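Number of protein chains: 2
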Amino acid sequence: MTEQIYSQYPPPIPEDLSSQIALYVKNWTAEHGLLVRPSAKQVTADANPNNVLATNAPVSLFPSPFPRKLFEQAQSLQTVYNELLIEVDDFLANLWKIHLEVKAEGYAHEHTLGLFRSDYMLDAATDTVKQVEFNTISSSFGGLSSRVAELHTELLSFPSAEKPLLPSLSPKTEASVKQLPPPNKAVPTLARGLATAHKAYGPSKSDPPLPLCIIFLVQPDERNIFDQLALSTHIHKYHSIPTFRLPTTSVLTSTKIGNTPSRPLIYTPPFAPTQQYEVTTVYFRALYAPSEYTSPSIWAARHHLERSCATKCPSILLHLSGSKKVQQILTSTTPADILASFLPNTSKSTLDSLRSTFSPQFSMSDDDASGLALATDPKTSQNYVLKPQREGGGNNIYKHNIPPFLASIPKDQYKQYILMELIHPPKTAHNTVLRSDGEVVSGEVISELGIFGTALWKTTKAKAGEEGGGEGKRVFPEILHNEEGGYLMRTKASGSDEGGVAAGFSSLDSVVLYDEEDFA
Amino acid sequence: MTEQIYSQYPPPIPEDLSSQIALYVKNWTAEHGLLVRPSAKQVTADANPNNVLATNAPVSLFPSPFPRKLFEQAQSLQTVYNELLIEVDDFLANLWKIHLEVKAEGYAHEHTLGLFRSDYMLDAATDTVKQVEFNTISSSFGGLSSRVAELHTELLSFPSAEKPLLPSLSPKTEASVKQLPPPNKAVPTLARGLATAHKAYGPSKSDPPLPLCIIFLVQPDERNIFDQLALSTHIHKYHSIPTFRLPTTSVLTSTKIGNTPSRPLIYTPPFAPTQQYEVTTVYFRALYAPSEYTSPSIWAARHHLERSCATKCPSILLHLSGSKKVQQILTSTTPADILASFLPNTSKSTLDSLRSTFSPQFSMSDDDASGLALATDPKTSQNYVLKPQREGGGNNIYKHNIPPFLASIPKDQYKQYILMELIHPPKTAHNTVLRSDGEVVSGEVISELGIFGTALWKTTKAKAGEEGGGEGKRVFPEILHNEEGGYLMRTKASGSDEGGVAAGFSSLDSVVLYDEEDFA
Chain W
1 MTEQIYSQYP PPIPEDLSSQ IALYVKNWTA EHGLLVRPSA KQVTADANPN
51 NVLATNAPVS LFPSPFPRKL FEQAQSLQTV YNELLIEVDD FLANLWKIHL
101 EVKAEGYAHE HTLGLFRSDY MLDAATDTVK QVEFNTISSS FGGLSSRVAE
151 LHTELLSFPS AEKPLLPSLS PKTEASVKQL PPPNKAVPTL ARGLATAHKA
201 YGPSKSDPPL PLCIIFLVQP DERNIFDQLA LSTHIHKYHS IPTFRLPTTS
251 VLTSTKIGNT PSRPLIYTPP FAPTQQYEVT TVYFRALYAP SEYTSPSIWA
301 ARHHLERSCA TKCPSILLHL SGSKKVQQIL TSTTPADILA SFLPNTSKST
351 LDSLRSTFSP QFSMSDDDAS GLALATDPKT SQNYVLKPQR EGGGNNIYKH
401 NIPPFLASIP KDQYKQYILM ELIHPPKTAH NTVLRSDGEV VSGEVISELG
451 IFGTALWKTT KAKAGEEGGG EGKRVFPEIL HNEEGGYLMR TKASGSDEGG
501 VAAGFSSLDS VVLYDEEDFA
Chain B
1 MTEQIYSQYP PPIPEDLSSQ IALYVKNWTA EHGLLVRPSA KQVTADANPN
51 NVLATNAPVS LFPSPFPRKL FEQAQSLQTV YNELLIEVDD FLANLWKIHL
101 EVKAEGYAHE HTLGLFRSDY MLDAATDTVK QVEFNTISSS FGGLSSRVAE
151 LHTELLSFPS AEKPLLPSLS PKTEASVKQL PPPNKAVPTL ARGLATAHKA
201 YGPSKSDPPL PLCIIFLVQP DERNIFDQLA LSTHIHKYHS IPTFRLPTTS
251 VLTSTKIGNT PSRPLIYTPP FAPTQQYEVT TVYFRALYAP SEYTSPSIWA
301 ARHHLERSCA TKCPSILLHL SGSKKVQQIL TSTTPADILA SFLPNTSKST
351 LDSLRSTFSP QFSMSDDDAS GLALATDPKT SQNYVLKPQR EGGGNNIYKH
401 NIPPFLASIP KDQYKQYILM ELIHPPKTAH NTVLRSDGEV VSGEVISELG
451 IFGTALWKTT KAKAGEEGGG EGKRVFPEIL HNEEGGYLMR TKASGSDEGG
501 VAAGFSSLDS VVLYDEEDFA
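Line order of the protein sequences matches chains W and B.
Its first residue numbered 1, the first sequence is counted upward by one per residue in UniProt numbering.
Its first residue numbered 1, the second sequence is counted upward by one per residue in UniProt numbering.
Please note that the accuracy of each hint is not assured.
Any copy will do: because identical chains look the same in the list, a pair fits if it lies in one copy or spans two.
Unchecked claim - No more than 27 Å apart at the CA atoms, straight line, and that leaves these computed lysine-lysine pairs for DSSO-like: (1) Lys458 - Lys256; (2) Lys256 - Lys163; (3) Lys458 - Lys199; (4) Lys348 - Lys69; (5) Lys185 - Lys237; (6) Lys399 - Lys415; (7) Lys237 - Lys399; (8) Lys199 - Lys163.
If you are wondering where the hints come from, they were derived from the structure by calculation, not from laboratory data.
Since the model is a prediction, treat every value here as computed from it, not as a measurement.
Make the full structure from the sequences, and use the hints.
Okay, here's the thing in structure tokens:
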């Protein structure tokens, strides 16, 4: 049934119509800020000396089908995932504090803010969604993905909702709101997260008090700037909070830590040297990747921000909570009681729903006989991928290649690998994409659905050895805000290899939800 | 007083701040669709083969001061000007019908729509506004100028309304709504004009009935497309009326006139050959300039549209009503009673207000002794410019050069000229502009204020010879809609010569209104 649905939508489109839709999309994207700055490959710096040009973000011409019940499941789990990350973060924080005991300063911030995005793929074989990644820093595309949902809504209602040019997902369904992408609340949700952190910070801690602001910490040559501006514009317009864009290279020149015990972060706009603002919240849209830490001064900048009492989104610990290693521990063969211990107030059915989104993972070490058995059997291995534990450590081995590969290496190297069940996205999924250079390309695709959520919590203040310090007597952090809202659909050209992604295109997309009975 | 105000605003800005404002504006314009397609000079076609790039429309970094009372006067006159044009149009129509009497077809349309823009300059010498032009076709920039008002409002409220970085027009005035540009209602006003015409058209006149639509008639390579999209998007979103963009080169292939006596205009989207729409309204954003009529087929296209019963915005006659010749007749030394005869229900004070916006003009023919006297006197000639009657007919002669010039030519050539009182824009006006290529330039400027208005009326159906045919027994057209709303400020680099405009820049701008008592 799933493949049948994916094979029939979007329907074949005559070339004339396709080029007209592409023209419509080119104009719409520029009119509505669904843009990126062009790459140096598309427009040379010589041809664009003042960096004024903009071009469309890569977008699919059609939304992608997605099962309604799984979309809603992913939505419903977001606040649970938010809470799980809060607990993991707090747990790490307590461990960390043991290390910090002999260090004098400790943490100055009282709150931590998370703007999260949990990414899933549809597994057509089992009719489930499987988590691919949980982003705890710089969860991007909330701004632009909201606009893609609007774009697709308008395209599917063009020239009128009653008589649209483009066909519906299900020919059985009357033209109705059901056949349009669900409204995407990512911008107000993410902006509300930042505004909530701003308010929770309380009054200025400087003497004399300073006006308060939020800082967007950004990369100096950000091409995805319009995604970020969607949030700061919303915050300015609906929350009346000043926001400033601070490039990572200017942290040490434009900010200082105030001379009071609470360590407020003071920002001086470089173009208004007589004005000062106190930063309530630092929103990281930078410094997430190792490649950004290019000099000691960038490390110093991160340390400087971390020392201050500004609320960080995320803190260093929360940044770590999202690391692949932590996710692997949580989502692999974790005993049920560890998950429950992190989420003691969560019902069994919700925990089961959460677990159903984990792709089964097995270690290849001696003490996990079940993983070894699955991997060495030519039949069962068909459903797995063997991955080196270290990231970037080599190539994955797929399916029938796993047993002979294992036979060819010494047994004591097995523990360097983990075995993961394959996700089977719909094979017949296809779409047409307008790339940023204006080319229109069609082909088979795989899609990832991201669900946005935000959470704000009070950092546990207890020291190691006291309550909150040891695992046995943890107190749970006080959650002030925990909200789900908005989604991102990303659609890429699928390579012929399982899991491989061809360089053909990667685009922003939206969804049209279906119920199986629409097609029954 | 006026010069004092213009000399002090905008205030001198340090270069650092100016480049930061320019950066803010570059990002804002792309985020909010305040864009144009780049010129071939800025980006070659080779570098932009799919025409996806966009760049900021040229905009001033600051709004321009304007006297509140004159701004409000210009607003209050707009519906009067609308009506005047309706009457002139109707008068021309009646004259034209005499010509058409022997022609069988006559006009098929029942309504005429005008989207007008009346352009003024501030005369600092007399503290009045003087009309420069009345646009009856393709009155542009309603879409983008609305966004400039928003841009300036946000800039003047950045980073917060309570503590803006940029100073106010009057240092005496508290930061308040008074110091921000007035909201610009151009988009809803112009869209409502089109929607009103669409509704007035009534049901389909085709058999069987067809769905109805509005056509935007556009130039094939329009760079100012986002100005137009602002209107069609608004019409789609708030009036739920289908709109299509029709390039002038496709009129004869994409439309035909239906085979019924009422002559409906039928549009077939080129990308959906099985669908048909009946066009209620043709909105001309093209075919206004002689240079566009490049081939007989373009003339045929205009004739074809004109033959149909679709409401034209504007009709050919209304297009003519806005011609320089008609305006000269109305605004020069017209006897008062002619103006009053066109506007019989308009109060004397309103007519006086209207006349105060005319720049005095004099013919140089023998029977106008007053013009001759003013022009030949070295003292009075200081206040005038001598213009050749034919457009493009040569150079203007200014001020003290007029008497010796007249003395140097034969008297029988005098009638080829008209004498116009000079408009004196504030000499100290200055501003800073972000050009479309990203360059930031500052200098002395002159500004033109445009006020938008829309009107819809029923075309007089009486034939020549019957009522409505002769001037003596005119019936007045039935005005169904007459509304003022929205403004355009355009600010250009001023040359050193009076009236000359340097090629330096021309930008979209907005206004901050002042009352003299703010400075008293």
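> Under a CA distance limit of 27 Å, which applies to Lys237 and Lys399: within one copy, between copies, both, or neither?
Replying inline: Neither. Shortest intra-copy (53 Å) and inter-copy (51 Å) distances fail the 27 Å Cα cut-off.
> Using 27 Å as the alpha-carbon threshold, which applies to Lys458 and Lys199: within, between, both, or neither?
Replying inline: This pair counts as within: shortest intra-copy Cα distance 13 Å, inter-copy 58 Å.
> Taking 27 Å as the upper bound on the Cα-Cα distance, should Lys399 and Lys415 be classified as within, between, both, or neither?
Replying inline: within (18 Å within a copy, 95 Å between copies)
>> At most 27 Å between CA atoms: does that hold for Lys256 and Lys163 within a copy, between copies, both, or neither?
In response: between (59 Å within a copy, 21 Å between copies)
> Should Lys199 paired with Lys163 be assigned to within, between, both, or neither, using CA atoms and 27 Å as the limit?
Replying inline: Answer is between; shortest inter-copy Cα gap is 19 Å, intra-copy 47 Å.
> Are the CA atoms of Lys458 and Lys256 at most 27 Å apart within a copy, between copies, both, or neither?
Replying inline: Intra 24 Å, inter 69 Å, cutoff 27 Å: intra-copy only.
> Between the shortest in-copy and the shortest cross-copy C-alpha distance, which are at most 27 Å for Lys348 and Lys69: within, between, both, or neither?
Replying inline: within (19 Å within a copy, 71 Å between copies)
> Given identical chains, is Lys185 near Lys237, meaning Cα to Cα at most 27 Å, within a copy, between copies, both, or neither?
Replying inline: Both. Shortest intra-copy (16 Å) and inter-copy (19 Å) distances satisfy the 27 Å Cα cut-off.
In this structure, only the earlier hint numbered 7 is contradicted, and the remaining ones agree with it.
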